[in-house]
Amino acid sequence: MSDFTYSTGKRKNAISRTRLYAGTGQITVNGRPFEDYFPRKTLQMVVQQPLKLVKMLDKYDIKANCSGGGVSGQAEALRHGISRALCEIDPELRTILKPAGLLTRDARKKERKKYGLRGARASFQFSKR
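Per the UniProt record's numbering, numbering of the sequence shown is gapless, rising by one per residue and ending at 129.
Because the hints were derived from the structure by calculation, they are not lab data.
For glycine and all other residues, C-beta sits at the position ideal for the given N, C-alpha and C.
Errors might be hidden in some of the hints.
[As the list claims (entries may be wrong)] What follows is a list of derived Cβ distance ranges for each label pair:
id, residue 1, residue 2, range
1, D106, K52, 29 to 37 Å
2, P39, A120, 27 to 35 Å
3, R32, K52, 20 to 28 Å
4, K113, K52, 36 to 44 Å
5, A22, Q125, 54 to 62 Å
6, Q44, G68, 36 to 44 Å
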């Protein structure tokens, strides 16, 4: 297990450093099986989405380090990383992954709190009298 393809995926504040090896379809996140790391079925589907789309679910072993953000953001960051790595292995897969929106970096982040306001846009309750 020495030759691998490396890629980085990002979503909100989550970052996933992803390595794809030729293998049997095992996905490991932070040293744990991805079923344990992402217990919700929806997040497991999100992670496997690029592999199912290109029909390579049992062709690659994936080892990923996820950090930052929440569980959902990390799952989508991992999906982004897997998609990028697949494109690096076979550039022709880009025609399948790009229309599905899996290669696009979702740039939406939390908006910062402004001074004089309660949140990013919400203000304090106004009292007329």
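Tested hints:
Taking the beta carbon of each, D106 and K52 are about 20 Å apart, not inside 29 to 37 Å as hinted. Hint check: P39 to A120, Cβ distance near 31 Å, so the stated range 27 to 35 Å holds. One distance hint, 20 to 28 Å for the beta-carbon pair R32 and K52, holds here, with the actual separation near 21 Å. For K113 and K52, the hinted distance range of 36 to 44 Å is satisfied, since their beta carbons lie about 39 Å from each other.
A beta carbon spacing of about 60 Å between A22 and Q125 agrees with the range 54 to 62 Å that was offered as a hint. Evaluation of the 36 to 44 Å hint for Q44 and G68 yields a failure: the beta carbon distance comes to about 20 Å.
The structure fails to meet hints 1 and 6 from the earlier list, while all remaining hints are met.
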